[in-house]
Every structure is written in structure tokens, then in C-alpha cells.
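Using our numbering, you'd call the opening residue of the sequence shown number 314 and step up by one each time.
Quick caveat, the hints were computed from the structure, so don't treat them as lab data. All values derive from a computational prediction rather than experimental measurement. Where is the CB? At the ideal position from N, CA and C, for every residue including glycine. Treat the hints with care, since some could be wrong.
The following label-pair restraints were derived from C-beta to C-beta distances [claimed, not checked]:
{"no.": "1", "residue 1": "Arg353", "residue 2": "Arg431", "range": "28 to 36 Å"}
{"no.": "2", "residue 1": "Val481", "residue 2": "Ala333", "range": "29 to 37 Å"}
{"no.": "3", "residue 1": "Ala322", "residue 2": "Gly482", "range": "22 to 30 Å"}
{"no.": "4", "residue 1": "His409", "residue 2": "Leu475", "range": "21 to 29 Å"}
{"no.": "5", "residue 1": "Arg324", "residue 2": "Pro350", "range": "17 to 25 Å"}
{"no.": "6", "residue 1": "His467", "residue 2": "Ala333", "range": "17 to 25 Å"}
{"no.": "7", "residue 1": "Glu423", "residue 2": "Glu355", "range": "22 to 30 Å"}
{"no.": "8", "residue 1": "Ala365", "residue 2": "Gly468", "range": "33 to 41 Å"}
{"no.": "9", "residue 1": "Ser479", "residue 2": "Pro350", "range": "31 to 39 Å"}
{"no.": "10", "residue 1": "Tyr470", "residue 2": "Pro350", "range": "20 to 28 Å"}
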Amino acid sequence: MSGPATVRAGRPEDLDAVAAIYAPEVLHGVATFEREPPDRDEWLRRFEAVQAAGLPFLVAERDGTLLGYAYCSPWKPRAAYAATVEDSVYVAPEAHGQGVGTALLGALLEAAAAAGKREVIAVIATGEDSASTALHRRLGFVEAGRLRAVGHKHGRYLDTILMQRSLVG
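Can you make the complete structure from the sequences, with help from the hints?
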């Protein structure tokens, strides 16, 4: 490690590294309920949808190596939810514990506020790892609810915790 990670706007050329960070979690983890890793075309579609919605898609890198990514997506499609977004934050295993998640989520919250968003929702699966819950708490999220046994992955049912952070007042 040679210095802090730099957080910047994501670009299409980052998507192969984004996919490489995400795929192991899809295949072996519970941070996502997806079961098949998205291919590059799907990642490009997601990236373009985030941009078309005027929302941030950020990456963290150090010495030219992508260490993580974060983006916001609309919480729900109905117009009444337009000021509310859901966050997604993923950090490469080799960068865990180095402040990358904190830097990404902090920058994401600033960018979401600048985009005129008011509320950010985190949907966190309850697995063995509470790092995501701790990260969100550190940045001011509070638990807003729990959905029990709503996801089935790796032979077991999992809860999700809903966490929320207001960007106003």
C-alpha cells in the first residue's frame, strides 16, 4: 500500500475491474442475492442507467488498481420516490480494512446530495460479515427495519436489514 485510495467518477473502462470485484461475492458471498455474475454488457447497461438517472457511480483506486466501487440507483420506480436512492458499495478483498469503503460511501453520499437526493437506503443481507452494517453506521445510517428470510442463497434463508441516512437537516 502506497498512500490513500483516490475516489473518482467511474468510467466504462473500469467495468471489467468492477465485475472482477463483484463476481466472487455473487458466487460465494451473501452481500448480493444475485446468483450469476453479470457480464460486461450487463455492467455497461447498469452503468449507463445510473448515469442516465443523474446518479453517481464512483470507483476507488490506488496506483492504477481499482480497489472498490459504489453507486446509487433509484429506490423505487414511482415518481414519489424520486428523491430516495439505494446505495451499493463493494470493496476488493485485498483492500478490506484500509478505509476504502468509508472513502467510497462518504463520497457517494456527497454526490447523492449534490444530485438533489434526500434519503439513502442500504439493503444489507445478514450473513457472517457485519462490515457493511458497521460501515453504514459509521457514516450516519440508522436501522430502519428488518425483512426476515427474504433471500435464499447458498442453501439458507437470509434476512435483510434496511438502513437509512437522510442527506438533509
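Here is how each hint holds up against the structure:
A beta carbon spacing of about 33 Å between Arg353 and Arg431 agrees with the range 28 to 36 Å that was offered as a hint. Between Val481 and Ala333 the beta carbon distance is about 36 Å. The supplied range of 29 to 37 Å therefore holds. Between Ala322 and Gly482 the beta carbons are some 27 Å apart, a value that agrees with the proposed interval 22 to 30 Å. Hint check: His409 to Leu475, Cβ distance near 24 Å, so the stated range 21 to 29 Å holds.
Arg324 and Pro350 have their C-beta atoms about 20 Å apart, which keeps the hinted 17 to 25 Å range intact. Taken as a hint, the range 17 to 25 Å holds for the pair His467 and Ala333, whose Cβ atoms sit roughly 21 Å apart. Distance hint for Glu423 and Glu355: a CB-CB separation of about 28 Å, consistent with the stated range 22 to 30 Å. Roughly 37 Å separates the CB atoms of Ala365 and Gly468, a value that falls within the hinted 33 to 41 Å.
For Ser479 and Pro350, the hinted distance range of 31 to 39 Å is satisfied, since their beta carbons lie about 33 Å from each other. Range check, Tyr470 to Pro350: about 22 Å between beta-carbon atoms, so the 20 to 28 Å window is met.
Consistency note: the structure conflicts with none of the earlier hints.
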